[in-house]
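S.K.: Chains as they are written, first to last, in our numbering: chain A, 1 to 385; chain B, 386 to 770.
Among these hints, one or two may not hold up.
Here are the computed distance ranges between Cβ atoms for each label pair [claimed, not checked]:
hint: 1; chain 1: A; residue 1: Val207; chain 2: B; residue 2: Arg735; range: 37 to 47 angstroms
hint: 2; chain 1: B; residue 1: Asp728; chain 2: A; residue 2: Arg334; range: 36 to 46 angstroms
hint: 3; chain 1: A; residue 1: Asp237; chain 2: B; residue 2: Ile438; range: 53 to 63 angstroms
hint: 4; chain 1: A; residue 1: Gly79; chain 2: B; residue 2: Arg735; range: 55 to 65 angstroms
hint: 5; chain 1: A; residue 1: Asp351; chain 2: B; residue 2: Arg735; range: 38 to 48 angstroms
Calculated directly from the structure, the hints in this document are not laboratory data.
Since we're looking at a predicted model, the values are computed, not measured.
Where is the CB? At the ideal position from N, CA and C, for every residue including glycine.
What follows is each chain in one-letter form.
2 protein chains.
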Amino acid sequence: MSVTAPQGFRAAGVVAGLKNSGARDVALVVNDGPSRAAAAVFTRNRVKAAPVIWSEQVIKGGSVRAVVLNSGGANACTGPDGFQDTHATAEKTAELLEESAGEIIVCSTGLIGERLPMDKLLPGVAAAAAELSRTGGGLAAADAIRTTDTVAKIAFRQGTGGYMIGAMAKGAGMLAPSLATMLSVVTTDADLPAGTLDRALRSATAVTLDRLDSDGAMSTNDTVLLMASGASGVTPDEAEFTALLTEVCNDLTRQLLVDAEGASKAIAIEVVGAANDFDAVTVGRAVARNNLLKCAIHGEDPNWGRVLAAVGTTEAVFDPDQLNVAINGVWVCRDGSFGDDRDKVDLRPRDVTITVDLSAGPNSATVWTTDLTADYVHENSAYST
Amino acid sequence: MSVTAPQGFRAAGVVAGLKNSGARDVALVVNDGPSRAAAAVFTRNRVKAAPVIWSEQVIKGGSVRAVVLNSGGANACTGPDGFQDTHATAEKTAELLEESAGEIIVCSTGLIGERLPMDKLLPGVAAAAAELSRTGGGLAAADAIRTTDTVAKIAFRQGTGGYMIGAMAKGAGMLAPSLATMLSVVTTDADLPAGTLDRALRSATAVTLDRLDSDGAMSTNDTVLLMASGASGVTPDEAEFTALLTEVCNDLTRQLLVDAEGASKAIAIEVVGAANDFDAVTVGRAVARNNLLKCAIHGEDPNWGRVLAAVGTTEAVFDPDQLNVAINGVWVCRDGSFGDDRDKVDLRPRDVTITVDLSAGPNSATVWTTDLTADYVHENSAYST
């Protein structure tokens, strides 16, 4: 189902030849309306890929007819020529749909620093336009945006009154705040204006996709796009829509986490007792990025000292003598010192929960990360060769 | 020669039984004067080990008679009882030297979150005091502070007029800003007051030990101590002394870099063209901490896109379209896009230099790091078991 679960959308995924593997590498998702309201969030990296620079302008209009996506090349750090390639891709898509290029979002993913083979990409876009469908197209599109993802990621939910939200995402390494190396397209047939979609998307991604930090690296290409066709005729309550969208984004986040490059553990870092939300997220990220801790979890070693060492690098409000840490429910650190017997911690399951209690207030946040493994090193030391 | 290269110092390193391996694990370095002027810098981690909390108070007096160091346990996150253990260690050392505990610095390194076996440590301190010597003691002390270090690290230099600076250090993983998992004792027989030593030490470590970032993790125990005996009778010019001290610290930094856990590459990140020093160091650290880049260098892949992606996460002054990057002298990125042929980059040597030109000003800084390897993962996933 994916992005074509809601009414009013068609999609396609085709082989254009950008990937040496011969796998699908160009996807197209078209909104047939009646509404074209849309919102998007992008990477916060200051080094932005050409498609991000383009799409940031497009989304300002609040109206999107289609998104064209390619894997097999990020089109980042490619200079003015690379930007022209993005422009040409949007123009080609617009021409095929008999639209203005100003309503075409472009997304790219793959290696940074190389031009896209336009002689393959543009025919691929035409092929995708010819194959647009509601049945099958959604899954093919989700497949076409994969890079090192081992599986396609899709999600959908139905809301009150029968409107739908559908989604696809890709992302395996370089998952970090600001949605790194992540492309995601979310569709809905709810009838909502762009301003509401923007608020809902920012709210939903802030507590889901933006809290996934697999390796602390931030990508140049991240884009999460939300398009609404209005085809269901339902205008849901904003709070209800936001909650359902958050569920969909949470589902995608979980899939990205489990499929992160080389990971053998899915780690939730729950920070509680924080003085404010910012502190909770900051501490969560600091723990999530600690390579030594990530190695320890890989070795199934409940090395809570590394958690405290990570917490101590932040400016969050806490007293070192009042920090508590639980690993998979066992409070191995109490009041900044050793607590319950660390031998009671069972780290064999894939899911690991590290709870950090700052004892400084009522706020909390969860950040997700993975363990650091030899497989991660292998996969990322041979990526571009 | 190590810390006993300068006149006025004796040292020892003994087996107290803290390490299961049976290797040396307690070291003592004593300043026999006539001066006892001293200065120190410590970790900036807010979760500080008991010996750091103790020693921060001692150094305020500007006078240090001796430093007692142990490997085999960090005495961090051990609560009030752990602090009493540090206090007892200082008292025992003071008693053996017939001194005040208020002039005894204590350093510990090893696993966080476990009490030290005081029934072994205190007899070890007594054994070390009985073995203090100028010949042999310096090397034994350098050996005794090793944890996962494969070799003992020592350095010494002679200054104008014949005064000496000697040093020992340990540190293998968790090397990060704020001197992580690093213990270093530097001695000199120059005759300088504590205030001068403090300025010189801060200046020297800021551009050497503090710019080594092997894995972004910050330790709870880092201490760099400088003790001056005045025994040479020479009072060097402050600038000259600072320069010589910087040389010694640079020598130690290089040794720590080459011996970092699991590393196969020693990477210098030279940031040039920065608007100010802060920007230069910030960008250097961001690049040094990028796991994806560290994996690429391990794979001998000149993946400059990952350099730009790391630079783009900072708030430094730069225009993405004016960034230049050289890897081992080949300018693979010019004006934010691809430059010279990346196939010209030879990444086979152990030493790798990544030059980032921000094109934003006249300032520069160098930060050192290592590659990310499967060996690093293996070593750190089994450390505490």
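S.K.: State, for the Cβ atoms of Gly79 (chain A) and Arg735 (chain B), whether the hinted interval 55 to 65 angstroms holds or is violated.
M.R.: violated, 33 angstroms
S.K.: Just tell me: holds or violated, for the beta carbon distance of Val207 (chain A) and Arg735 (chain B) against 37 to 47 angstroms?
M.R.: holds, 44 angstroms
S.K.: Quick one: are Asp351 (chain A) and Arg735 (chain B) within 38 to 48 angstroms, going by C-beta?
M.R.: holds, 39 angstroms
S.K.: Between Asp728 (chain B) and Arg334 (chain A), does the beta-carbon spacing fit 36 to 46 angstroms?
M.R.: For Asp728 (chain B) and Arg334 (chain A) the Cβ distance comes to about 56 angstroms; the hint is violated.
S.K.: Mind checking the hinted window 53 to 63 angstroms against the Cβ distance between Asp237 (chain A) and Ile438 (chain B)?
M.R.: At 54 angstroms between Cβs, range holds.
Of the numbered hints listed earlier, those contradicted by the structure are 2, 4.
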